[in-house]
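Student: Using the sequences and the hints, build the whole thing.
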Amino acid sequence: MRSFRRTYLWGSILLVGANGFALLIPWLLKRAVESLQFPGRAGHSAGYFGLLIVGAAIAHGVVRVFSRTTLLHVGRRIEYRIREDLYSALLSLDLPYFSGERTGDILSRFSNDLTNVRMLVGFGFLNVINTVIVYISALLLMGRIDPFLTFCSVLPYPLMLILVKQVSRRIFVHSKRAQEELAAMTSHAEESIAASVVVKTYRREESRIGIFRELAEKYLFSSMKMTNLRGIVIPFMASMSGLGTLIVLFVGGNRVISGVMTLGDFVAFTGYLAMLVWPTVVLGWILNLLQRGAASMARLNAVLDAKAMVAESPSPVAPESVRGELELRGLSFGYNGEPLLKDISLRIKAGMNLGIVGPVGSGKTTLVRLIARLYPVADGMIFLDGTDINRLPLKGLRDVIGFVPQESFLFSRTIRENIAYGKEGATDEEVKEASRLSRLDGDVEGFPAGYETLVGERGVTLSGGQKQRTAIARALLKDPAILILDDPLSAVDARTEEEILAGLARYYGGRTALIVSHRLSALRGCDRIIVMDEGRIAEQGTHDELIALGGRYAAIHREQNLRAEIDRY
Amino acid sequence: MHFGGIYEDEIVGKAYDRRLLARFLRYLRPYRWLVVWSILLLPFIAAAKLAQPWLLKIAIDSHITAGRMEGLPLLSLGYFALILADGLLTYLEIYLLQYLGQRVMFDLRVELFAHIQRLSASFFDRTPTGGLVTRVTSDVEALGEMFTAGIISIVGDILVLVGIIGIMLWMNLKLSLVTFTVLPVLLYIVFAFRTRMRTAFREVRARLSNLNSFLAESIGGMTVVQLFNRQQTERREFTRLNAAYRDANLPVITWDAALFAAVEALSSVAVGLIIWYGGGEIISGTLTFGALVAFIQYIEKFFSPIRDLSAKYSIMQGAMAALERIFGLLDKEKIPPSPPAPLPPGEGGRRPGEEIQPPIQTIEFRDVWFAYNGEDYVLKGLNLTIRRGEKIALVGETGGGKTTVTRLLSRLYEVERGEITIDGTDIRSIPLGELRSRIGVVLQEPFLFTGTVGYNISLGDDAAQGRMEAAAALVGADRFIRNLAGGFEEEVRERGSNFSVGERQLISFARAVAFDPEILVLDEATASVDSASERLIQEGLRGLLSGRTSLVVAHRLSTVRDADRIVVIHKGEKAEEGSHDELIARQGLYYRLYQLQFRD
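As given, the protein sequences belong to chains A and B, one line each in that order.
The C-terminal position of the first sequence is numbered 569 in my numbering, with every residue numbered one higher than the one before it.
The C-terminal position of the second sequence is numbered 600 in my numbering, with every residue numbered one higher than the one before it.
These aren't lab readings, by the way, just hints derived from the structure by calculation.
In this text, all values refer to a predicted model and were calculated from it rather than measured experimentally.
Take the hints with a grain of salt, since some may be wrong.
[What the hints assert, rightly or not] Among the chain B residues that face chain A by a calculated CB cut under 7 Å, a handful are:
1. S62
2. G67
3. L88
4. A114
5. Q231
6. R246
7. V269
8. V441
9. L459
10. L589
Using N, Cα and C, we set each Cβ at its ideal position, and we do this for glycine too.
Tutor: Structure (structure tokens):
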């Protein structure tokens, strides 16, 4: 903000200039009228003053443009700065933060709250300064013409200010209420449409329409209330400024007749008085803007000051090279008071392929997410090559992990860009190689635009399987020491999944791989498989060992064979 | 790097479309008196505005310069009265127009919503909810603007402009003509600037929308960004979009300030002209001081309507585009497109629309075929009979067509080939309301509405309201409802998020019982739930199904065990049928499904 101080100062100087020219015009008008009334005395002809008025008007226009653009541009520049800061804050925040906040709320801070703040630092500042300048100078000039008349004519103005402030406060209140009612109506519509099947099967169409009608009616009335408030200001303002004019006309007219004032004075006076109306109205409005802006700034600060739970270690140790050996020592983890993982100890040697199975909610995803430190983990629980992962630099840890999440998230960019996301500056060859490994290449070659195909918002133009394979290709391109696949192939059929994973087996090489899947067939090639249940490791061993054990793994295995049998039936 | 997703929601349409407006005029008919009054007010407002400078002229000419005090107080009061009248009438006009606008918006909104509610289920498969909600909210809102700043106020503006031109010409022809020389410049500036501003503003909106979609995506994909350590790339791109948005805004500010300044300057130029030319006339005695001042005031009143004219043009464009979309939706078909099947005479066939007599004895599916899209058949010639008092369980693999059976029976979708009959009558010839009141459907995913628990059971139906407590007791929902602080009045949040899965199921069971259907169609939830919820649901089901003819898509052991008959649907066809014991003994498909799905 400090860096904008000079701009503010410059803008304020320009404002003084613009107002100077504006105030010149009524005075020139006065001189013109005087020269017409007493042709000999003024020294110049009316035409001369007419010309000066044109000159002053043009000068006023030019300086006004500069003053407004200077100050309003500052508002936009400050908005830009704050938005940058907000985004930086978001980039440093972690999964626990984002699961606690709704995307809509965050977006609303970026738009509504930021707009309120911008209004204050741009428009608000400009008009406060402007009002001060106009008031001081116009009052001085009017006072020079006639102090008594000045006093009488500005009497209604404080009232005007109070009125606008009151009404605009109520407008804010009611507009908030109207917004809430609009939101209620919108969510009723949204809900009724989303639940159209329920509404239809219970024949509740008329009843839903009835409720909608009520909500729409409420909204109608609060909108009318707003209109009414906005509208009522007009006759009030008119009568206030009219009162001022009445006083000028009556008292001033009297003084002209009695010779205290000239007709030119009278004309100039009316001009100055008219200049006060708008700044008064705006000031009343801005006084409320202050409150809103402060409230909005507080909401923005809440984001700017938010702290990530997954924090960088104060003394990070960067390893020289990573072999990829992982060790979990009594790993327990809970979230929102709910224990998700309980005392898990496991050693995953470098280059080992570990399969993870288990029912929904058994902790598979939590386990792999903790390894990538997506959630905060306590010290002394997870070690990479013997170093506590909390002591590794966050960037370094994530650089060595290729993570394919359950829900493959694609950016609305091209396929190539989505795959190349895995590695800064990836070549086309690398992109093609990665998509060959994840068996995406065949699909992409079928697209008219090939790798330049835009995938649409969140990848809507791709099938579920294509999205998942794109996400895998992205992780493979990263060339990580540890590859984590969190059930990323649920949307392809069992045979394709097996094929893709078999193809990957060659890629693994010396890499450590953690593969979560709900299909056992996909894990057959793993060196070791763990079966998770309610946050614990229930069984572990190779496929054959686990089958021989005859426990949960064997039961799931039987089930999946049956399913395959039914499918063939 | 360039990130795609250019999103342009730009209105480039006509500002005036006779066809659309003619159709829209019908919505004004109930309020024609409001329209008449708001138009009748316009000349009075114009008169109040136009008379003010005139009065000032009289005050100056016949009193102030003439030195006559008497009459000045009265004139001053008259001037004040005019200002007041102008304000009050403008307020009244705004109020009338707003009231008219809000009323019309309300009517249109309710009509749209009612229309959407009556559209067929298949329509919702094709149309995203968001778009429909937008029609009801923002599009209707855009129409509202047409009332505040649209046609009628344009008429008012034109009235004032014509009035000013007339008076000025009448007051002093030559001076008027000299003054009017600024008009072509004014019009040129206003329209040239507005065109620039529109382009600039379009740019702003496009960039804002890019920025917002990038931001929304970024928040959604933050985990990916962080996992791939791409914060710097994203920040760079964000900065680029953010700067682009800022830079797009700057010219809008400049153009806006320039337009304002140019119009003000021009109006002062006009004043200068009046002084220069009028000054000569005053000296030669053809013009009075009062007339000069009045001239200056008229020219000031002349400029602001012209400044706003092109903004109003954009509003009209927006309104026309909204009307087009709204009428487009209203023209969408209401009922499923297929015509009622012709009934063979004799065979108990009845005229379409005739009511079926209670109680229903048999429901038959005869060679039913159905596809959601094209030739991709989900059901391929299904035959099925349900007799009064029976409990039928439908079992089979996911995607086999079980849920489709329930949807067809309640005519959410229409059979493509074959027919479904109730006591011999094709269901397509039974009134939809009648059919659905006799066949109750419980969906797999219980949907709870925002409101109270009670509302979610009765859905606002009086008869159901009466049976609400008994229904809750029957399915065992009363126990947890009684423990709620508000009981049946307890608040339900959006999508029922403050209730467990089991509780949501029970509320939806109680809803089905409260509507007391003759035949119950139930799609059991497959989602795995915690054991407490499971127990709740098991008990609830027993109450729900007791003593009722029912067709259940079964996922639970207890349900298949209790069924009178089990029908195995496999790949769109009926594969096996019989009692649990019979089917187990057969060691066929059911035997395997049983081991797979019902071993609990």
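Student: State for each hint whether it applies.
Tutor: Hint by hint, here is what the structure shows:
This hint is violated: B:S62 has a C-beta 11 Å from the nearest C-beta of chain A, more than the 7 Å allowed. Because the beta carbon of B:G67 sits about 5 Å from the nearest beta carbon in chain A, less than 7 Å, this interface hint is met. With a least beta-carbon distance of about 5 Å to chain A, the hint placing B:L88 at the interface is held under the 7 Å criterion. The interface hint given for B:A114 holds, since its Cβ lies 5 Å from the closest Cβ of chain A, which is under the 7 Å cut-off.
Here the hint on B:Q231 is kept, as its CB sits about 5 Å from the closest CB of chain A, short of 7 Å. Interface hint status for B:R246: upheld, as the beta-carbon distance to the closest one in chain A is roughly 4 Å, under 7 Å. Evaluation of the B:V269 hint against chain A yields a held restraint, the C-beta minimum of about 5 Å falling below 7 Å. The beta carbon of B:V441 comes within 4 Å of a beta carbon in chain A, closer than 7 Å, and the hint placing it at the interface holds.
Interface restraint check: B:L459 against chain A, minimum CB-CB distance 5 Å, threshold 7 Å, status holds. A cut of 7 Å between beta carbons decides the hint on B:L589: the least distance to chain A is about 5 Å, and the hint holds.
In summary, the one numbered hint that this structure violates is 1.
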